[in-house]
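Residue numbers (the numbering used here), protein chains in the order written: chain A, 1 to 297; chain B, 1 to 277; chain C, 1 to 380.
I should point out that these hints are in silico values taken from the structure, not numbers from a laboratory.
A virtual CB, placed ideally from N, CA and C, is assigned to each residue, including glycine.
Relax, there's no trap hidden among the hints.
Pair by pair, the computed Cβ-Cβ distance ranges are: (1) B:264 to A:201: 37 to 45 Å; (2) C:206 to A:175: 43 to 51 Å; (3) C:376 to B:263: 24 to 32 Å; (4) B:107 to C:357: 45 to 53 Å; (5) B:15 to A:4: 43 to 51 Å; (6) B:15 to A:134: 33 to 41 Å; (7) A:4 to B:128: 20 to 28 Å; (8) A:16 to B:13: 46 to 54 Å; (9) C:110 to A:132: 33 to 41 Å; (10) C:357 to A:134: 51 to 59 Å.
Taking lysine-lysine and the DSBU-like style, the derived pairs with C-alpha atoms no more than 35 Å apart in a straight line are: (11) A:53 to A:266; (12) A:53 to A:229; (13) A:229 to A:129; (14) B:100 to A:129; (15) C:222 to B:100; (16) B:107 to C:159; (17) B:258 to C:247; (18) B:100 to C:195; (19) C:286 to C:247; (20) B:100 to C:193; (21) A:53 to A:276; (22) C:223 to C:359; (23) B:242 to A:229; (24) C:77 to B:107; (25) C:363 to C:222.
Which stretches of chain B does chain A cover? Using the computed rule of at least three CB atoms under 8 Å from a CB of chain A, they are: (26) 106-115; (27) 211-219; (28) 225-237.
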Amino acid sequence: MPREAEPSLNEKQFVLQALQDSIRLDGRELEQYRPLELTFGDQYGVADVTLGKTRVLAKASAELTVPYADRPLDGIFNIATELSPMTSPAFEVNRPTETEVLISRLLEKTVRRSGALDTESLCLVAGQKCWSIRVDVHVLSHDGNLIDAACFAVVAALRHFRKPDTSMEGGVLTVYTPAEREPVPLSWLHSPFCVTWSFFGEDGDIAVLDATWMEEQVSSGSCTISLNKHGEICQIAKLGGVPVEAVSLLQCTNVALIKAKDMSSKLDRWLTEDAKRRDKGGLLAELSAENDRVPDI
Amino acid sequence: MPLDTSTYGLALLRVDGRRWNELRRIHAQIRTQAAADGSSYLEMGHTKVMCVVTGPSEPGPRRGAAGGAAGGGGGAGGQSKDAEVVVNIVIAGFSSVDRKRRGRGDKRTLEMQSTLANTLAATLHTHLFPHSQINISLHVLSQDGSLLAALINAATLACVDAGIPMTDYVTACTAGSTSTYAANDEGADPLLDLNHQEEQELPGLTVATLGDSDRVVALVCESRVQISRLEGMLAVGVDGCKQVREILDQVIKAQGQKMILEGTVDKGTGLNDMDLD
Amino acid sequence: MAQQQQHVLLSPAELAYLHSSLSLTPPIRPDGRSATQFRPLSAETGILPGTNGSARVCFADGTEAIVGVKAEIERTKRRWDDDGVYRENAQQHQEQEGEGKEGEGQEGSGDWVELTVEIPGLRDDDSGTAFLGRMLGEALLADGGFVGRLRVNRRFHWKVFLDILLISPPLSYPLPLLSLTTHLALLATRLPKLKSEGDEDPFFDDDWAAARYLYARDPVTKKVVERPPVTLLVMAVGGNIIFDPSKEELAVADVALAVSIGDDATATKTKEDEMEVDSSSGRNLKLLSIRTVDPPSRLTPPGVANAANSAYGHAQVVNTAATQKMPEARQTESEAVEGVWKPPRGGAKASVMGALVQKVLVKGGVADEVLDALEGVDTS
Chain A
1 MPREAEPSLN EKQFVLQALQ DSIRLDGREL EQYRPLELTF GDQYGVADVT
51 LGKTRVLAKA SAELTVPYAD RPLDGIFNIA TELSPMTSPA FEVNRPTETE
101 VLISRLLEKT VRRSGALDTE SLCLVAGQKC WSIRVDVHVL SHDGNLIDAA
151 CFAVVAALRH FRKPDTSMEG GVLTVYTPAE REPVPLSWLH SPFCVTWSFF
201 GEDGDIAVLD ATWMEEQVSS GSCTISLNKH GEICQIAKLG GVPVEAVSLL
251 QCTNVALIKA KDMSSKLDRW LTEDAKRRDK GGLLAELSAE NDRVPDI
Chain B
1 MPLDTSTYGL ALLRVDGRRW NELRRIHAQI RTQAAADGSS YLEMGHTKVM
51 CVVTGPSEPG PRRGAAGGAA GGGGGAGGQS KDAEVVVNIV IAGFSSVDRK
101 RRGRGDKRTL EMQSTLANTL AATLHTHLFP HSQINISLHV LSQDGSLLAA
151 LINAATLACV DAGIPMTDYV TACTAGSTST YAANDEGADP LLDLNHQEEQ
201 ELPGLTVATL GDSDRVVALV CESRVQISRL EGMLAVGVDG CKQVREILDQ
251 VIKAQGQKMI LEGTVDKGTG LNDMDLD
Chain C
1 MAQQQQHVLL SPAELAYLHS SLSLTPPIRP DGRSATQFRP LSAETGILPG
51 TNGSARVCFA DGTEAIVGVK AEIERTKRRW DDDGVYRENA QQHQEQEGEG
101 KEGEGQEGSG DWVELTVEIP GLRDDDSGTA FLGRMLGEAL LADGGFVGRL
151 RVNRRFHWKV FLDILLISPP LSYPLPLLSL TTHLALLATR LPKLKSEGDE
201 DPFFDDDWAA ARYLYARDPV TKKVVERPPV TLLVMAVGGN IIFDPSKEEL
251 AVADVALAVS IGDDATATKT KEDEMEVDSS SGRNLKLLSI RTVDPPSRLT
301 PPGVANAANS AYGHAQVVNT AATQKMPEAR QTESEAVEGV WKPPRGGAKA
351 SVMGALVQKV LVKGGVADEV LDALEGVDTS
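Extracted from the complex, chain A is given alone in its bound form:
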């Protein structure tokens, strides 16, 4: 299995020593994120997130299926994470590495288990028909902090996504094409964001936000905290690594809340901008006029 080249001893020492003096290679503050950018695709539900040189693409899609037998009233919601060799030669297709398993578990816990998407609203006919929402996460470029970027991309894609409108009349389920009726957004309950701290040094006393790949390689531990803007923790994962004082972990959580609120307002702004852009030319008005005529036929 090919491995990522490790940084040399000199490089490691240099990065660590600089961090001890609170200096980062790219000149950021310890608690400062790299510039976060989001572009929506032409289609609904495609989000392309860049965080410095890290780039993640998420695409949401929906299809009609039969709900699971043990959960007849719930729709299906899945997040598929793929780290391809395009990202780094250490990743191979169809052979999940530890990183990939951990990322997909974190996304799953953050977005799915915290109930961000109302899965009950995806059910159309109990036990027979429901929507299956799937988000595919593709990492296009890996320069550290994949988790935060991937989580942001997933949330953005899902909030941007529109699923075809449906109606039930006399036991007949109709699914409308986008031309017939404007697709509807998902029933979204809250937006969780991941904030990852990296710890450095023997005692883990240097805590850094949004580590680059180089920093991740020399770090001695990390902790990912997922929160929404209401101050609710959805998940914390400090999976081993250097021991950190409990008090500083609490401080980290508080800073993480500020960052999550910041990300939340950024996403809101981008979403409204995108909605405005799409509305231009009275596309929405035209469609709604068409819709009015449909029942008359």
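Starting from the known structure of chain A, fit chains B and C onto it as the hints suggest.
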């Protein structure tokens, strides 16, 4: 399985009759298995786990495809200067009330393996065993909540038994909060050591600390909870870890004493500075 | 088995020594046992209250296994009848072709048992693990009566899950250990007492004390009347037959066999009157299955005879030429040399196989001894 937590406010007793700061019964044994380098058996209430440690030893052939994900290796590979900690968790099909089979590829199990490997790698003095491998295999015989905590405690005991140098005990326990997320109750009390029923219904976290300090090695929270409640839960959890450490320490000392009496260990070989009163 | 764990780190000289000492009459085994002696073991049952039956066995060499049995009620397939009409039809249908039903019932019943083997460090789809699982399951199903015990009524049956865990690192070939543990766990297995009658939806007695044993016991003495099968590992070296081989002994085996035997309880009962006088053990052993186990000895490196060793001057010229010409020549040559290790080639002789099986089944022999010992384990 809705759990009636409403009575807690009246009697301040939990479903199993404990108070908020009480641990369940912890029973532990070390050196349970003759063929292994180190072994332990641990019960936290009805959660029962066994741990077997082999190594540090020469790393076996790389398991190719399985090596990355299934091995859950902590620390770097065999070519590095540190020993690799490989954790393998087997959750027996009969361990839960309803039989549920989990394959080796189960992501939850993989995550636990990786957590354990990284937790132990940070505590064991792996730099003393370059180019070698420490194999830790854990068997879950019965589950009743606090699984990750029990696994960490059992692994710590087995590593002590195997005689692998380590900084201090890594002990873990769970902590929760009395009212559910939805209740949005500001006056919620923290709870120590959740059982399965509580784990299903209430927010909770698993915390592992190093020795007697407040330093957190692992912190895993998988449920939605208000940020204001974190501090209380973390404090109770860290305190619980200290209690667990005392219990594990007694187990180790009792076993050490027994071994000296039996003559398994010479009294003069490094154990003489152990406090054996 | 997987190469990794069966790989024996013994030199050809050591192998040759082992082989010749095991071929002596009587054989000398490295641990001083006699040819038919088993390693001492300690066993306990009922260790896991959350299961229907469980057992733990530790061999003296430190290997340890735990088996848990869990049973679930399951609707018997092919009778997808929820309302009365369908069932009547189905019954008529069955009555019309009674024999066909019999046959199919047996066929489908194999899925009523699910057996999984977990060996630390091995994937569960590893060939070695799968082979072990098949062998243990095969013995259980070959004992035709077993699935019959799981029948509740015509519409429902118990589905039994056997989870077999090897706790220790696999030091020796774990088959006998796992088999004995499974045997004990099944003996200790109890199923809730059925309270409903006939083909109605079954419901059971809550009282665990009233639960019946999967393997019936004498109501008075509480002694086990019927027993599940056991699988024993036997190997042959030279003319000797050796039971319960250790890993090192297996490394020089000519043949290794896994022999599953059962206790034919029904036969015992009928014959009891006649046999009471002359036989102390009233067992009627029957052979359930045999599997050859590929002994790791085939993969061991061959020794080089002095005569063929180029380090000895006198043979140098001839042999370097010979070895260069054809690599096999060296092996054929060394075949004849006494005291030089040569991995066994080819199959086993029919007479050896016959002797192996005979030795297992003979009255008062090893199988009897093992079953006697297992009877000593308190399974209540």
